[in-house]
Structures are given as C-alpha cells and as structure tokens.
Amino acid sequence: KQEVTQIPAALSVPEGENLVLNCSFTDSAIYNLQWFRQDPGKGLTSLLLIQSSQREQTSGRLNASLDKSSGRSTLYIAASQPGDSATYLCAPRNTGFQKLVFGTGTRLLVSP
Amino acid sequence: KAGVTQTPRYLIKTRGQQVTLSCSPISGHRSVSWYQQTPGQGLQFLFEYFSETQRNKGNFPGRFSGRQFSNSRSEMNVSTLELGDSALYLCASSLNGGTYSSYNEQFFGPGTRLTVL
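Chains F and Y, in that order, are what the protein sequence lines are. Take the first sequence: its letter number 82 is residue 82 in the numbering used here, and every next letter is one higher. Residues are numbered in the numbering used here as their position in the second sequence, beginning at 1, plus a constant of 1000.
Extracted from the complex, chain Y is given alone in its bound form:
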C-alpha cells in the first residue's frame, strides 16, 4: 500500500508570490491534516479536512488556506508569501474511524520544503 505522497518535494519562491502544495493520502484514508515545521516553532497544526470539509484550524493567518477533493486528495495554498513562511510542510492522513479507534493513527508524508527568498 502506497504511503502519503506530497508534491513538490522542494520549492523556492520569492516574497509576495503564492504557492500551492499537494498531498495524496493513503488509499482509503478520509482525513488529511497539514502541519508546518520550523526550527523556531517546531511542528504546528495548520488545518484538517475530512470529506471535503475543514473540521479544525490552527492559529495561522488567512493567507494559509486549503481544500480537499472528493478523492480525499488535499491542497494547501499560501498567498503573499513572507520570509517566515519558509518551512517544511507536512501532510498526514488517517482513516478516522472514531474518537477512540486505532484508526486515528496518523501517517505522515515526506514533506514539501518551501524556501521563500
């Protein structure tokens, strides 16, 4: 079974531009979450999508947005890029079989390394 895939793996952008990152979850997984990882702030939750609906959102500005498609693939978009947006962006998927279910185990992709110049 293929794992979580993320494209592209590396991106270089300049300030003010916008960027779209893509995530394909493990087949059958319906929940996709996004995280930002930086040396200063560590791993921080961005948002979670389930059945094409955003269910939970972290404390990030509105420049960060996302969506999920009917096949559970997800994209996140960052507009008006700032230097501080340089980070490793990680996507995670899970089956989401219930609150206490082991199906809530999250599996992460390799990440997209975004550099903003």
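The following block holds chain F by itself, in its conformation from the complex:
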C-alpha cells in the first residue's frame, strides 16, 4: 500500500526566498507523480506531472525532481511570492488506472 509523506507540514517565509518542498513515498513502482496546489476551500490545480522515466520537470518558477528508486520527489519554488501561498500536495500513481495517492501536504505562507 502506497504511503506518502510530505515535509515540512507547514512553512512560513518572506517574499523572495527560494523554497524546497519534499515528498517521499513507500512504493517506488510508480508510473508518474503529480504536484498540485490547493487554495483554501478550493479544488486542486495541477502544477507539474513528472513521468517515472524523467528526472526533472520545469514550469516557470517551479521545478520538480524525481528519484524513483529512493521514493522521493522535490518541488523547488524560486523567488517565492505572496500569491504562492497555498497547500502543496504530491500524488504518485502506481496503477495503470487513474488512482492518485495523496500526501497530507505542505501549507506554505509567503509574507510580503
């Protein structure tokens, strides 16, 4: 059974800092892994999808890395902004179907 852990659970930083959010998973036999953000009371917004064969994926100020063999993924946020404040969730996919297993998330607060 896949279990996902995200560290830290919460993070508060001043604007402009570079951030690293960590995700670890117990079953490394994954097809891909997605990173999402969730604003309070809202749905999830997909940030990055990284395939099992990839090491990195980039979108703007975001960079996700994947080390499948060690069961780890990292989301790097460059030059953080107050608009980045949200909960960030990682979700690996093990099966051939669409079931995602979510971590408990990292709650990020970026202050001006």
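Be careful, since some hints might not be right.
[Stated by the list, open to error] List of simulated lysine-lysine pairs, BS3-like, C-alpha gap at most 27 Å: (1) F/K42 <-> Y/K1013; (2) Y/K1057 <-> Y/K1013; (3) F/K68 <-> Y/K1057; (4) F/K68 <-> F/K1; (5) Y/K1057 <-> F/K42; (6) F/K1 <-> Y/K1057.
The hints are simulated quantities; they were obtained by calculation from the structure and are not laboratory data. Since the model is a prediction, treat every value here as computed from it, not as a measurement.
Add chain Y to chain F, keeping to what the hints say.
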C-alpha cells in the same frame, strides 16, 4: 477550453438522506475519478470511471456509488448519509492516453462541499 465543472457547489443534507453530485469533465477526456477530502483523512480515492465502466474503487462502503454516461459526464451518489460524510468531494478528469503518457495528467474541478446535519 472549459475546465472540470461540478454541481452543485454546496449542499446541506440531514442524516439518512441521499445525495447525487455531478461532474462534467474537460471536453475529450474519458476518465473521471472521484475523491473525498476531509480534515482528518485528507484526500482519499473513491472510484474511477472510463467509458462508462468503473475501473477502480477505493475503500469506501457500498453507500458510495457512481456512474458515467456516454458523454463522459459522471455522477456519484451517497445513500443513507452519515455525519462523517461531510466533506469536499472532488472530481478529476484525464485523457488517459496510456500508462506512461502525459495524457494521464489529472485536472480537478472546484469540488462540492457537502454538509450533513
């Protein structure tokens, strides 16, 4: 291109009642998944439908059911509501172009907030 839509956005029901939630996927997407989000349990997978067939099911009681129509729209039903069913119910869609394809990226709707009194 319109995103995933869910209706209604908010629902208040009483224990014992039943409820039906609706999800319209992104145009062209054939896979629809449902998730329950609660403060205590986080995000948990309910089930996935593809081409009107349930392909995968999470660990929820039989009171939770769903279906998918030929236009890929999906509904989920919860019967005999309990207080613990209060949650944000999220629907996600994907193209599902293959096991390793980027078409497996999932896109979520805004959710339906269900409150059971």
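Evaluated hints:
{"no.": "1", "hint": "F/K42 <-> Y/K1013", "verdict": "holds, 21 Å"}
{"no.": "2", "hint": "Y/K1057 <-> Y/K1013", "verdict": "holds, 25 Å"}
{"no.": "3", "hint": "F/K68 <-> Y/K1057", "verdict": "holds, 25 Å"}
{"no.": "4", "hint": "F/K68 <-> F/K1", "verdict": "holds, 16 Å"}
{"no.": "5", "hint": "Y/K1057 <-> F/K42", "verdict": "holds, 24 Å"}
{"no.": "6", "hint": "F/K1 <-> Y/K1057", "verdict": "holds, 14 Å"}
No hint from the list above goes unmet by this structure.
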